[in-house]
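These protein sequence lines are chains A and B, in that order.
Counted from 1, the first sequence has number 294 at position 295 by numbering that gives the first Met the number 0; the numbering is strictly sequential.
Counted from 1, the second sequence has number 270 at position 271 by numbering that gives the first Met the number 0; the numbering is strictly sequential.
Honestly, I wouldn't trust all of these hints.
Okay, derived cross-link-like pairs now, DSSO-like style, lysine-lysine, Cα gap no bigger than 27 Å in a straight line [unchecked claim]: (1) B:253 / A:112; (2) B:274 / A:135; (3) A:109 / A:162; (4) A:262 / A:370; (5) A:109 / B:135; (6) B:162 / B:135; (7) B:262 / B:274; (8) A:278 / A:35; (9) A:162 / A:135; (10) A:253 / B:262; (11) B:274 / A:112; (12) A:35 / A:92; (13) B:109 / A:370; (14) A:370 / B:35; (15) B:389 / B:253; (16) A:389 / B:370; (17) A:202 / B:109; (18) B:202 / A:121; (19) B:162 / B:202; (20) B:370 / A:162; (21) A:213 / B:162; (22) A:253 / A:278; (23) A:370 / B:253; (24) B:121 / B:135; (25) A:262 / A:213; (26) A:112 / B:370.
The hints are simulated quantities; they were obtained by calculation from the structure and are not laboratory data.
2 protein chains.
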Amino acid sequence: MNNDRVNASIITIGDELLIGQTIDTNSAWIAQELNKMGIWVKRRVAVGDVWDEIWNALDEESRQSEIILITGGLGPTADDITKPLLNEYFGGKMIVNEEALHNVITIFEKYIKRPMLDVNLKQAEVPDVCTVIQNKRGTAPGMWFEKKSKIFISMPGVPNEMKGMMTDDVLPRLPALFSLPAVVHRTLLTAGIGESYLAERIKDLETSLPAHIKLAYLPNAGMVRLRLTATGLNVAEITNEIDTFFTLLQNQVKDVMVINEDKTLEEAVGILLAKYKKKVSTAESCTGGYVAHLLTSIPGSSAYFNGAVVSYDNSVKENVLNVDTGTLSNCGAVSEETVLQMATSVKQLMQTDYAIAISGIMGPGGGTEEKPVGTVWIAVAGLSETIAQKFHTRYGRMRNIEVTAIHALNMLRQSILKENE
Amino acid sequence: MNNDRVNASIITIGDELLIGQTIDTNSAWIAQELNKMGIWVKRRVAVGDVWDEIWNALDEESRQSEIILITGGLGPTADDITKPLLNEYFGGKMIVNEEALHNVITIFEKYIKRPMLDVNLKQAEVPDVCTVIQNKRGTAPGMWFEKKSKIFISMPGVPNEMKGMMTDDVLPRLPALFSLPAVVHRTLLTAGIGESYLAERIKDLETSLPAHIKLAYLPNAGMVRLRLTATGLNVAEITNEIDTFFTLLQNQVKDVMVINEDKTLEEAVGILLAKYKKKVSTAESCTGGYVAHLLTSIPGSSAYFNGAVVSYDNSVKENVLNVDTGTLSNCGAVSEETVLQMATSVKQLMQTDYAIAISGIMGPGGGTEEKPVGTVWIAVAGLSETIAQKFHTRYGRMRNIEVTAIHALNMLRQSILKENE
């Protein structure tokens, strides 16, 4: 299969990537979308706004791959050299594209509402040897070139503009141009178990997989995603095959499995809450609203999320959440007693069926000998019982907040399952 | 200068990067750190867990750069081939490193508290031709190789492990090995102005910059960072020079400048609140706690952030924030009247000097003809006045939340300045 597969390379252009001011989120998204249709991303390369570097990358990647996706280097500011370079590389001359020009003018009239500048108008110029990909979300058009049976697609680096072009134009055109294999993925999410323990547990299953079904471990912030990928000629056949192995896999990780779909923990929690028609609220100290943010990042979360109190200061714990003054002074803000009161109180205040309460020390400051940085108490108030757990996290502030949020959401998930299934 | 400069390449290894399940945040961090000391990242390449691909990348990048930093491919699961490959590439044989072994054992005893597996013990094996870089935060050691006066450094892909090794060992060793130039950066943050307008406004200044001082535009979610970078032989000399241009730059963007340091908007707001000894709280509907999360992501934010009410459901707006029932039914949750009441109420409830209130429609659902997706009302209650603004955002749900949060924090910043300076 490997020799026949269609390879893509992603070239990202821009000094901002090489000086580290921009994190490249585009490449991961592009890779996911190409994978779904059976195109393998062989290499990703980032180069600066340097003529020779870009030119060499085009040469080099077109030797490796059939499809070369280029993002970035098309902004209106002066340091952008990508468009003239592409024009020369493919032997064209620059012309104004009327549709792109109309698009620039419309965007300025409708959204930006300021007079256009020369640099903005210049964005409507493209090499005459490309097929223009119109940009519905910004001013820089995309460009599709073909040379020696290789396809080169240049798009802006702005994520939503690039994604729009890929979804509307680029991805739909590719299947007609290549003989693509059938690809089927099955993904599940685990929480509370490390990568090496998972691997140990499922190693016999992994060894038994046929060559055209691959297993990938995808760890991220305290959770590990397991993904099976089957490649073949016949969709029905490989779907049957992969489902057999996916059932075996699910059985072996049942106790640590969050969901048997490619979804996040917050989506999984949302699905459960919606299924049982239950509502949730949160009372957050050290996570500062991050759990509420995760829950509300899901479209439609208003069906099951009522609200939150971020009780960062102790006065808010007392005045809004009615935590007992004596409890705070005797046990401290980071204690079992405090989170139990926070959970019970916010559940009542927000009129929900479930509530999460969190209090801890995320660092770098605030630790004591008795309660060092990373100490966290979490409570979940449920239909019939309220439970609390202490745990420790040991990273930097942001990662501590993330790991704590995952722990809390997983406790909530387990409570919902216990009380409803 | 360019011909003498010390170049680095970053090679990231792992199928997870090419199937798009992991976003590469390591490269940006590495690039920033190298830049500070005058090392230029020339190229970044991501390849899969494929022997030939990795081998070729090592060959290729060592032709381009003096320093080759390799991350990933060192985890305990079976698909990792990086270590045996490096062993063969540099002509070594595998031996157990006693210090790394001791480290693995300690981590298991102290944190993981489960029996060790064979794959974990195997992590202490390294090629005998490398200098071992001990990993204080995980089980996989780093490896430092030298070949034909090029330096190759292999590190785990787990961000906090890689960062620890870079900070403690790798970065401190580099200056002695290369003749590095002096590099000085000056960065400022703007909000509320597009990249092309900024460029138009400062184009004369940009043209007047000498060749060894570069200006970079670094746009991100509604804000643009401007960075001057001076390279030279004498730190004092280029510091003087860059500061002259930085003063000119600040004067030209004064009205849209958030802060004249390399800081985020939430840090800038925190600095102002701390400076004037004022406290803030938030009442968030559509942003679901994201503004509170941004504010509390800053260490020490407990000095100025008291708390938040996430009033996602209207019942919470009524019961916790005392928004008038008539206002909600007559004007709607997304209205000037509602956010004004939310801001005033949360400010009083949380006993703060300032308060932000936000209500809007983030999509994809929930829009109406009168109030389409993207409609947002924001209020800021201050020391003497409470102001409200309506604005529109036009992206996907998550980006809408981010852009709304930025808008709200910038309104708060302007209120603080107006009332205190």
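Status of the hints after comparison with the structure:
Restraint check for residue 253 of chain B and residue 112 of chain A: the C-alpha separation of about 22 Å stays at or below 27 Å, so the hint holds. The suggested pairing of residue 274 of chain B with residue 135 of chain A is violated, with an alpha-carbon distance near 44 Å, which exceeds 27 Å. Of the pairs offered as hints, the one joining residue 109 of chain A and residue 162 of chain A holds, with about 21 Å between alpha carbons and a cut-off of 27 Å not exceeded. Only pairs whose Cα atoms come within 27 Å are accepted, and residue 262 of chain A paired with residue 370 of chain A is rejected, the gap being roughly 35 Å.
For the proposed pair residue 109 of chain A and residue 135 of chain B, the alpha carbon gap of about 54 Å is over 27 Å, so the pair is violated. For a cut-off of 27 Å, the pair hint linking residue 162 of chain B to residue 135 of chain B stands: about 11 Å separates their Cα positions. Annotation: proposed proximity of residue 262 of chain B to residue 274 of chain B holds, straight-line Cα distance about 16 Å (limit 27 Å). Between the alpha carbons of residue 278 of chain A and residue 35 of chain A the distance comes to roughly 35 Å, so the proposed pair goes past 27 Å and is violated.
At roughly 11 Å between alpha-carbon atoms, residue 162 of chain A and residue 135 of chain A fall within 27 Å of each other, so this suggested pair holds. The hinted pair formed by residue 253 of chain A and residue 262 of chain B fails the criterion: a straight-line CA distance of about 45 Å is larger than 27 Å. For the proposed pair residue 274 of chain B and residue 112 of chain A, the alpha carbon gap of about 36 Å is over 27 Å, so the pair is violated. Between residue 35 of chain A and residue 92 of chain A, the direct Cα distance comes to roughly 36 Å. Violation of the 27 Å bound is thereby established for this hinted pair.
A C-alpha spacing of about 17 Å is found between residue 109 of chain B and residue 370 of chain A, which places the hinted pair at or below 27 Å, so the restraint holds. Between residue 370 of chain A and residue 35 of chain B the CA atoms are separated by roughly 36 Å; this puts the pair beyond 27 Å, and the hint is violated. Between residue 389 of chain B and residue 253 of chain B, the direct Cα distance comes to roughly 24 Å. Compliance with the 27 Å bound is thereby established for this hinted pair. Under the criterion of a C-alpha separation no larger than 27 Å, the hint pairing residue 389 of chain A with residue 370 of chain B is inconsistent with the structure, at around 45 Å.
With a CA separation close to 26 Å, the supplied pair residue 202 of chain A and residue 109 of chain B stays within the 27 Å bound. At most 27 Å may separate the alpha-carbon atoms for a hinted pair to count; residue 202 of chain B and residue 121 of chain A meet this at roughly 16 Å. About 37 Å separates the Cα atoms of residue 162 of chain B and residue 202 of chain B, which puts this hinted pair outside 27 Å; it is violated. The suggested pairing of residue 370 of chain B with residue 162 of chain A holds, with an alpha-carbon distance near 26 Å, which does not exceed 27 Å.
A distance of roughly 30 Å separates the Cα atoms of residue 213 of chain A and residue 162 of chain B; the hinted pair therefore is violated under the 27 Å criterion. Among the hinted pairs, residue 253 of chain A with residue 278 of chain A is consistent with the structure: their alpha-carbon atoms are about 26 Å apart, no more than 27 Å. A C-alpha spacing of about 45 Å is found between residue 370 of chain A and residue 253 of chain B, which places the hinted pair above 27 Å, so the restraint is violated. This hinted pair checks out: residue 121 of chain B and residue 135 of chain B have alpha carbons roughly 17 Å apart, not beyond 27 Å.
Only pairs whose Cα atoms come within 27 Å are accepted, and residue 262 of chain A paired with residue 213 of chain A is accepted, the gap being roughly 20 Å. For the proposed pair residue 112 of chain A and residue 370 of chain B, the alpha carbon gap of about 20 Å is at most 27 Å, so the pair holds.
Violated hints for the displayed structure, listed by number in ascending order: 2, 4, 5, 8, 10, 11, 12, 14, 16, 19, 21, 23.
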